[in-house]
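Asks: Chain by chain, the residues:
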Amino acid sequence: MAQLAITAGGAGPAHRDGPSRADEAPVPQRKRRTPWKSWLLFLAFAGPNVALLVIFTYKPLLQSLQYSLLQWNIGSATARFVGLDNYTGWFTDPATANVVRVTVIFTVATVAGGMVLGLSLALLLNRKLRGTGLARTMVVAPYVLSGVAVGLLWLFVFDPNFGVLGAVLKGIGLGSPDWYNDPAWALPMIIVVYLWKNVGYVALIYLAALQAVPRDLVEAATLDGAGPFASFRNVVLPLLGPTTFFLSVTTLLSSLQSFDIIQAMTKGGPLQGTTTMMYQIYQEGFATGRAGYSSAIATVLFVVLLVITAVQMLFIQKKVHY
Amino acid sequence: MSLDVKSNGTVKLEDLPPLHNSSPDRRTGPAAPPPRRGRPRVGGYLMLLLAVAVMLLPLVWMLLASFKQRDEIYTVPIQWLPESFALSNYVGALAAVPFGNFFINSLITTMVGATLKIALGLTTAYAVVFLEFPFKKFIFGLVVFALLVPQQIVIIPNYTLVSDLGWINTYQGLILPGLASAFGTFLFRQHFLTLPISILEAAALDGASHWTRLWRFVVPISAPTIAAVALVSIVSEWNEYLWPLLVVDKAEMMTLPVGLTLLQNNDGVTNWGVLMAGTVLITVPVLVAFFLLQRRIVTGLTSGAVTG
Numbered sequence: 001m002a003q004l005a006i007t008a009g010g011a012g013p014a015h016r017d018g019p020s021r022a023d024e025a026p027v028p029q030r031k032r033r034t035p036w037k038s039w040l041l042f043l044a045f046a047g048p049n050v051a052l053l054v055i056f057t058y059k060p061l062l063q064s065l066q067y068s069l070l071q072w073n074i075g076s077a078t079a080r081f082v083g084l085d086n087y088t089g090w091f092t093d094p095a096t097a098n099v100v101r102v103t104v105i106f107t108v109a110t111v112a113g114g115m116v117l118g119l120s121l122a123l124l125l126n127r128k129l130r131g132t133g134l135a136r137t138m139v140v141a142p143y144v145l146s147g148v149a150v151g152l153l154w155l156f157v158f159d160p161n162f163g164v165l166g167a168v169l170k171g172i173g174l175g176s177p178d179w180y181n182d183p184a185w186a187l188p189m190i191i192v193v194y195l196w197k198n199v200g201y202v203a204l205i206y207l208a209a210l211q212a213v214p215r216d217l218v219e220a221a222t223l224d225g226a227g228p229f230a231s232f233r234n235v236v237l238p239l240l241g242p243t244t245f246f247l248s249v250t251t252l253l254s255s256l257q258s259f260d261i262i263q264a265m266t267k268g269g270p271l272q273g274t275t276t277m278m279y280q281i282y283q284e285g286f287a288t289g290r291a292g293y294s295s296a297i298a299t300v301l302f303v304v305l306l307v308i309t310a311v312q313m314l315f316i317q318k319k320v321h322y
Numbered sequence: 001m002s003l004d005v006k007s008n009g010t011v012k013l014e015d016l017p018p019l020h021n022s023s024p025d026r027r028t029g030p031a032a033p034p035p036r037r038g039r040p041r042v043g044g045y046l047m048l049l050l051a052v053a054v055m056l057l058p059l060v061w062m063l064l065a066s067f068k069q070r071d072e073i074y075t076v077p078i079q080w081l082p083e084s085f086a087l088s089n090y091v092g093a094l095a096a097v098p099f100g101n102f103f104i105n106s107l108i109t110t111m112v113g114a115t116l117k118i119a120l121g122l123t124t125a126y127a128v129v130f131l132e133f134p135f136k137k138f139i140f141g142l143v144v145f146a147l148l149v150p151q152q153i154v155i156i157p158n159y160t161l162v163s164d165l166g167w168i169n170t171y172q173g174l175i176l177p178g179l180a181s182a183f184g185t186f187l188f189r190q191h192f193l194t195l196p197i198s199i200l201e202a203a204a205l206d207g208a209s210h211w212t213r214l215w216r217f218v219v220p221i222s223a224p225t226i227a228a229v230a231l232v233s234i235v236s237e238w239n240e241y242l243w244p245l246l247v248v249d250k251a252e253m254m255t256l257p258v259g260l261t262l263l264q265n266n267d268g269v270t271n272w273g274v275l276m277a278g279t280v281l282i283t284v285p286v287l288v289a290f291f292l293l294q295r296r297i298v299t300g301l302t303s304g305a306v307t308g
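Top to bottom, those sequences are chains A and B.
Take 1 as the starting number for the first sequence in our numbering and just add one per residue.
Take 1 as the starting number for the second sequence in our numbering and just add one per residue.
By construction, these hints were calculated from the structure, which means they are not laboratory data.
Source: prediction; values computed, not measured.
Where is the CB? At the ideal position from N, CA and C, for every residue including glycine.
Any given hint might turn out to be false.
[Said to hold, decoys possible] Some chain A residues judged to face chain B by a derived CB distance under 7 Å, without partners named:
id, residue
1, L41
2, L124
3, F156
4, V157
5, F162
6, G285
7, F302
Chain B with its partners taken away, still in its complex shape:
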């Protein structure tokens, strides 16, 4: 279970094992660590421990608080462990707000959004690499320059447009404005330029159309790259907050991050137990997914830096 940034740093996507594959541990690469002087190692372990503690402690605190009763939370000095692991805060959170709806809405916007985004990135990159068009370079420039225009800068015109279309509190209003693929297109293009052209030539000889060539030949051999980019898109869509906050005001249409804030009391007294239970419900699935798929997610995160 290690975050395996490949040792040559260029993170060749093709070399990574397919999804869900329980791959052999690759850390054994550059030979076992030679025994070193004792002193710096102890220091190193202490630092490592400190780093892990700082990262972990807030999450543990959240998890423990989600099981605590009011009197266990509002107590000085603080009480670390709850008396019992009762689920009453979770019941409270689920009763206070429609968590089921939030979850389904997050799932729909994330899955539909990420799938379409990947498809758009693939077709655009395919066109830019394999098809002819007089203004190809300009089109590609247009796509990539969009990376420099933060969505936040254009929220007011987009909000006006979406509300004029009557798309407030709808899935299309949530999904469409952030759907275009700039970063994905860029990474896919980089990857397509490295593909062996012979496979595509063979496919063309068999009379395969460009559409078939993309989906039957290019996509399968690009699966690792696509998976890496897809996971990063899924994570960012799942956590998206500002736009869903603006275009949804009905609780039944809210996504998890927006709905979670409904548990926050604004009159000054926060019911921490219930709020932390809600926070656990939205963070733990992502953490579990991250632990399972981290190799891929890490590849997706670093590939931007390494090829980009």
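Next up, chain A with everything else stripped away, as it sits in the complex:
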């Protein structure tokens, strides 16, 4: 994510003299320290953070790889080395096709849906209308709420008998689907809730980018006879390219990792209808207790995340320099 320098509106303040200045930073007026003293100082400043990362991120990452080769139940004292059995087991398990299907549908719907809705909202909020300030607040507010609380409050909205959504649907002559017990409807339910919670973030980032679009460019296009739609398509949309890439990376990563809403609303059910890979990692690791198997799925998911990120990075380097 680091390399996504998105400074749509002119140079950002961050890159003024680049990192070269950092090297000169130890002030010359001071008498030069012996290097090891300065190294020790560096370690004292950066060491604790790096140590925490090694202990709680990098070491467990390697351990996870190791666990994925074991038949091992969580909390158990004994484990058996089984090679790649967990992986072949997962790839050949008939349930896996469903998990992958659910993951792909959920991810594509939340990422693509989030971008389209978020951009539309940003365009709306960027118009000179009264009340856009308050509307912006409302749109972003759910993003700061707990995913569990959001899931639970929406569960009551979706209640087929006593919920407000059912009443609205009945009002326009439709019946309420059985969101809780029908796998075909439970997945759209959690997608809607995820979008409601997270679309404000996408809208906010797009809004910042839209406000960085130079006004005279749009005006020039209008003078050239471009209608609002054409000037959006040909002038504004290309300028939003870097933002779109940034959002596609970040929303994809967070969508693939989402857990709170699923746990609060469906616990992966009904009939595994909302079990994503992330949810399966949790279920296998802590409900079923098959830690080795769960670690294998976690490894697969991590590789998927890495590949997606790498592809997007390459794509950015190729494409975004307009």
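Position chain B relative to chain A; hints supplied.
Replies: What follows is chain B alone, placed relative to chain A:
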């Protein structure tokens, strides 16, 4: 009270007013809106209204339900307004689960976690920018690459480690595994590179140590950036769910999001009034804080995208 994404989009943190300052409304920037054709505006207002309604309705529904008695909830057709704004559901929620404990636990883990995380981010970024070390680039790369390793992927080894240490149901078990600062370090480094070097040179001439330079000079002039990053960390720590769910099984040690689910009945019949009262108790403080501090929170959220 507007979410004020600055109009040049680069969201210069320094330009924002200090915390709690009732700043003048900055929306007056690019001149008052010129009067436009009437038609699209009506459409625009309708869309705006629809967007706000969709965002607001579920929250209103939650709030109203928290005051309803059972017979007002389990009724067809639905009843919008409660007969009275009685607090019995709130009393019920507070009696059913130790909400006070949840609140204190959330407060402790959030405040301690966010404070330490910010401190770690600041010291690491300071080291990377202002101190010498042969493998500096590698160290910084190590920190930033951690952004790509989701905490969820490493839950099993971390759970095993924490439980071997006997840290289940403890604050250190809740806080430590997610404490390291990767994103904060990254943003602080970006910011430190823009600082005027003369201030630090003057401080060095006065004989100030690096420690003093960081806390007495760099931190004060970076206050807006720190506040923005801190608020975003506070929000995410407050809402953290998966890890606290795993390392706590005693009700007295649960945080709010984990404890809230205790009100959810798993036998199929949910007492919606009580559950919604609990949900109000955990969402409303965050909403109030968001309305008060939104300018800063928004800056924190967008700065990742804009500088990052």
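Asks: Could you work out which of the previously given hints the structure breaks and list their numbers from low to high?
Replies: none
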